[in-house]
Structure formats: structure tokens, C-alpha cells
Amino acid sequence: MRAIYLMARREYLSYVATWGFWLSLLAMPFIMAVFIGISIMAENAQPTRYYAVLDETGIGFAALIDEELNEGAKEEAIAALRGVAEASGRSDAIPAIEAAINAEPGLEGFPEAVSALGVPVDISAAQFRSNYVRVDPPAGTIDGLRPYLLGEQTLRIDGEKHPLFAAVRFQPGGEYGITAEYWSTNRTSGGLRTSARDALRNHVRSNALADAGISETVLGRIYAMSPGITENSPERGRESSEVNLADRLPFIVGIAFSIGLWMMIFSVTNMLLTAMIEEKGNKILETLLATARYHEILIGKLLGLAAVSATFMLVWGGIGSGGLAGLQALAVAADLPAGDILSAVFDPGLLIPAIGYFAVGYLMYGTVYLAIGSLCDTLQEAQSLMSPMILVMMVPFVIIMATLENPDSLFLQYASWVPIWTPFLMMARLQTDPALIEMIATSVGMLLTAAAIISLASYVFRQGSMGRANASSIKRLLKFGKIRNA
Amino acid sequence: MTETILSLEGVTKRYSGQAAVSGFDLAVNRGQITGFLGPNGAGKTTSLRIALGIIKPDDGKVRLFGQYPKAAILQRVGFLPEERGIYKKMKAEDVIIFFGRMKGMTMTAARKAARDGLERFGLGGEARKKIKEMSKGMAQKVQIIATLAHDPEFIILDEPFSGLDPVNQKMLEEMIRDEAKRGKTILFSTHVMEHAERLCDQIVLISKGRKVFDGGLPQALSQVPRRVVIETASDHDLRQVLGALGAVEAQTAPEGLKGWTIELAAGSDAQDVLKACVEGGVRLARFEPMRAHLHDAFVELVETSNREAV
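First to last, the sequence lines map onto chains V and F.
Once you know that position 129 of the first sequence is 129 in this note's numbering, the rest is easy, because the numbers rise by one and skip nothing.
Once you know that position 153 of the second sequence is 153 in this note's numbering, the rest is easy, because the numbers rise by one and skip nothing.
Possibly wrong hints are sitting among the right ones.
In silico DSBU-like pairs for lysine-lysine, Cα to Cα no more than 30 Å straight-line [what the hints assert, rightly or not]:
hint : chain 1 : residue 1 : chain 2 : residue 2
1    : F       : Lys136    : F       : Lys89
2    : F       : Lys56     : V       : Lys283
3    : V       : Lys283    : F       : Lys88
4    : V       : Lys283    : F       : Lys129
Output of the computed footprint for chain V on chain F, the stretches with three or more beta carbons under 8 Å from beta carbons of chain V [to be verified]:
hint : segment
5    : 108–114
6    : 226–233
7    : 261–269
A few chain V positions that, by computed beta-carbon distances, are all more than 12 Å from chain F [to be verified]:
hint : residue
8    : Tyr50
9    : Pro105
10   : Leu155
11   : Leu351
No lab work stands behind these hints, which were simulated from the structure alone.
Remember, predicted model here, so these are calculated numbers, not experimental data.
Ideal Cβ placement from N, Cα and C applies to all residues, glycine included.
Please construct the entire structure, taking both the sequences and the accompanying hints into account.
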């Protein structure tokens, strides 16, 4: 036991007692924060885009497009206020919020909606305003507008020069009586194009309904109708059956745990491999073997790196929890359900199986990586042996990603029976309440397979440590297998 | 009564059907310095690994301090492997402390042993230096200190002199003698005969996995035929003059002289050769009885063993 402890301690300190370890540990949340910050900034820093409408139909499509753009802004504003309402326990205010915003043109109903919410928010209507601004066309034809669209000529707006982002032309003709053309050098930003199309569709449909004898008043009422649907759980009584974000969080956290588990095992086993190759290259193993036995070295290394990963999880978990709590104190993130997230993360029903699956998965893959490391003197040598392992490890990750929105998928269920994937895939399925017998059976299969893998990997480790086997031996063995199969 | 610290009895180890050691016997007694000699690939390292329980023999019995070499027994042993390995990113003092603690020392005792050892080997100022920042020789000294830090009763050194410069080789020789004086039992493998000749009480020679000699230094040297080298200005054919005393062969000699080597037959000695030369009227320019060296004994014993194996 003493040798195991000392080996584990040395392995642990060889990582943890370095500046590089703490820098990389703390850099990860920082990098994630930077990524999130950059994407928010990029989203908020969309430039104002000036567009013109050439309406040869006389219907007034410019105003109809404005209406469509405002509709999008209204939807965004309602979604934001609904989030705050759900997070602050004011779901009852949601109908009043929707009514207040829908009652006024544009976002003029926003202040009233905020009053209906009854909770102070750090959100302004300006955040949702469209960045598309309509200008009077500087020319009456597309050919006349072309230099502006190409940036050869600019518009002067508030004393500044701006290019024309897009032009939309409506003409009489075609199957529905009106045709539309969207002109822009930009191929990716499609917000205006969509609004113009929707304006045209709504106009054509309204005309058709009017032709069928439906009055404009009735049409107005029809368009104002916006029935919703509540999601309910049959597991609860009628009074509290409605499902909200807090109910969905355990599923999201379960999937996040599963992905996190995969990433943690993948990165820590790679650290094991690197450490093992370094020891093999430095010829330390024989010195160690004159002091401790193979199993003590193997277990010591596994425990040492397990402690490293525990440090990762504790530090990141601490930063994550602290960050969530800190964010919630900021008005801008008041709608973040930090309490629900934390209670989902620290739910023993999820946390205990996660620790168990991590332990078994880590042991299975860790011993294999150690065995591979014992066979190789360099990382280059290890790479050829690693390729099949990486492929085997990638499969559960791909399955998790493919079934993100469908954790009860039949494919995921079948795949979770493969013992080497069970730790990751059962973790992803845990919140879908799989049958107890299925959980027991997959766990037994996983444990038996883990025992077999650990035993075989330990044998390879013993051979590799003393130079009785190497990467070439394994390749020869695989080739022999191929020949026999042929 | 002499206590046997290590004994291998009829030990055989095969790899892929080929014997690395075969029916090998070895007994190392307390307080002795035993030289374990043999050409490259003779099976020395395999035998030492078996002695330490690192690998299990296919046949035969291993006893270390009277029992099978389990991990607990290894605390009484200090082992310096042939393939020197040390944690390059660790500091010299920490490496010694780590291995000392692995051998059962307390942190305080291991730290003291590390400092004393580093001082003794002239590395007192390098204690906080990382191994990767040290020269190869310095790193090797650190490993030797780590081997001895826990004051083992039995010290096994596999090719300890390789990689050391002559000054450090001398220092290591002195260290081995000091440890022996302190009553420690030492087994070291080498193929540099000079070290073995200067240090060993007992010599074990292995070739192709089989023991070819086990005994004291004089006994080993007695395996080498005694020779006398003669250079003379006379025209005598010494084959006729000295033929009765041993095998005589002509050798090259400086200009104006003739050279001869007499490999003495049993019962003859250098005095007999000198007397025969004087009586035969041979004018001697050089008369040199050659002292036998372990190197010659080694070559002789290995060649004889190889011939017998054929």
C-alpha cells in the first residue's frame, strides 16, 4: 500500500506541482469565457445595414417589410422576457407580456411588457431592434443601384458615407401577380431576404383570402391569434404538471456529464500514456521494479492521474459554480437559472453514477493506455498503436452527439450494451430512466469486461516494462491475426 | 557460520524457447564482494532480475535473505540497474527522497540521507537542481546515492562503472570498498576485469547462460597458463632448449633480437626456464615472467566454455 501511495503521490505531484498545470487548468475556463464573450460581442456588433426597396407594384412593400422586421424583434423581446419570467417564478405574467408587446407596432409595447413582468430587468428595447435600416433608393432601377450595391458609390447618412447593403425589387407579374428580387453582394446574412419573402407571402395570401370573401377585420383577427401550447408531465398532478426549464435541466446536465466524462477520460488517459512513454524512455521502470511490484506501479500511476483528474473536476466545478452564482448577481444574466443548474449538477442520482462510470471507464482505458505506453519508447511509436484505440473511443462520442435531442433513441440503447462504451452512453441515458434490469446487466457486462481488459493490459504492461515486448511485437501479432483470418 | 544472502539454484529462464540462463547456481555470502562477470548477452542482467523477483524463473529456486524475493524483502536491498533511469524533471534531492521512502524510510530520514549522500559525492550544491540540468555523470551519481540512501544490507550493482569517467570510477571503487568494510554484501556485474580484479573476494563467470567459473581470484588466475617472454641476441632455437618445460613459440622482437614465449607446463616455473637458458648459453636481452590477469582468465574460461559447448 505504501508503494502504491508513494507512486500515486509522485505521479500527482509531477503534474500538480508545476506552474504549467495550473496555468492550463485556469486557462480553460478563461478561454471558454473569452469564446462566449467573443460570440456575444460578435452578435451584438452586427453593423447597421442600409437597404432600399424598389416597389413597382404600388402596394407599399417597404412598410410591409418593416413590419416583418419588427415582428422578428418582437419575438426576440418576448423570448427574453419569458426567460426572465420563468427564472424568477413569474410564468403567470407571460400572457400579459406577450399581449403588451403584440398590441403596439414595433417595440413600442416593450415598457408595458416590463411593467407586466413586475421584476426589474436590465434589458432595453434597443437590444432587439433590427440592424436593417431602410433608406430611400438613390436610383429608380437596379442598374442605377448597382454602383451603390458594389460599393463604388456610397450613401450619405447623418454625414457619413455608407454602402447600400441590399435592394429588394417588387414587380407586377408571375404566377401570384407579384414577383420579387433580392439584390446584394452578401451571400450569408439572410434576415432581410427572409423578411421580404414573408412580406410578399403574407400579402399574396391575404389577397387570396380577401378574394374568397373574408373581410379585412376578420383577417386582422386571424393574424392576431397566437395560441400557445404548454408542455406537461403525466407524472405530476394537474396543478403542477407544467414542464419548465428546471425540468429539462437534468437531461441537459446528463448529456453534459456524458460528454464531460468522455473528454476527461480521453485527456487523462493521454496524460497516462505520455507519462508512461517518458518513464520507459528514461528507463526508470527497472529501478522502480527493484522497489515495488508491477501491480503497485500500475495502480499507483492510475491513482495518481485519477487524483489529477479529480483536481481538474474540483477546480472547474468550483469555478463553474462560483461563476454561475456570480453571473446571477449581474442583472444582465438574471434570467440564468443558476440554482436549478447547480441542483441538477449536484443531484446524487446523477453524480454518484457519474463517479462510478468515470472510475470504471478510466480503469479500462487507462490500463490499456499504460500497456501501450510500456511497449513504446517514443510518442511516434505509440501513435500507430493508438489509432484503433482512438477510433474505438470516438464511437461513443459520435453516438452522443448524434442523439443529443433523443437520449431514448433505440440506437443509443443498443450501443450502451457494448461494455467499453457503457460508461459514456449509459450516462447519457440515465435521465431517461432506463429499466433497472438494463442498468444492472450493462453494469455487470462493463465490470466483467473491465476486469478482463485490466488483466490483459497488466500482462502486456509486465512484458513491455521489461522490454520483452514492444510496438513491433503487437504489430506482428496483428499481422498474424490477419493472415490467420485470411 | 557463513550466511548466504542470495542463492539461485538450478535457475532457468527461457524467452521464446531460447534459454537466457540455464541451470544457473549462484550463492552470495554476507560481507563478500562478488563480481558477476560475463560477456555481453551472457545472462547477467536476467540473473539479477530473477534474484530481485522482477522476473520469475521457469525452473529453479531463488532465495533472498532466505525467502522468495517479495517486495518487503527488497527494502534490505539496494539495486542499481544497468539501464540507468531517473526522473529527469525531479530535483536531485527529491529523487533520492522518493526512492528512500519507497524503501521504507521516513521523510526526515530520507531527506537527511539525501543531503549526506549528495555531500559525500560532492553534489551538496546541486541538491535543488533538476536532473535534466545535470551532466550524465552527475545524474548517475545521484542514482547511486538513491541506491544506497536506505543503507541496504545487500547492494546489487549492474555494470556500475559504465558511463563514469576514470575519476568517478575510482570514487565508486572506494565507495564499494567502504560499504564492504561496513559489513555490506555487494554483488556487481561488469565486463571490465580491472575493477573486478581490484575489488572482488569471489568471482562468478557466466557465459551463454551457464556458469563457467565460481571461486576466488587466485583460483581464477590459476586457470590461465603461466608464460615467460624471452628476447635474445643468440641464434639458439629455444624450442630445443626449453621444449621440456612447456610450449615454446617464436614471437616478433626488436631488430637484432629474437623473441620467444614459453607457456609453462605443469610443474615448471620461471626459475627452471632461467636455469635452462643459462645452462644452454642463451644470452638474454629480456626475461619476463608474465603475471596472469583476470582478463586472460576471463577470455580463457569463456573460450574453453564455448569450445566445450560446440
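For each hint, the structure was consulted:
no.	hint	in the structure
1	F:Lys136 <-> F:Lys89	14 Å, holds
2	F:Lys56 <-> V:Lys283	20 Å, holds
3	V:Lys283 <-> F:Lys88	11 Å, holds
4	V:Lys283 <-> F:Lys129	20 Å, holds
5	108–114	violated (count 0)
6	226–233	violated (count 0)
7	261–269	violated (count 0)
8	Tyr50	61 Å, holds
9	Pro105	69 Å, holds
10	Leu155	64 Å, holds
11	Leu351	35 Å, holds
In this structure, the earlier hints numbered 5, 6, 7 are contradicted, and the remaining ones agree with it.
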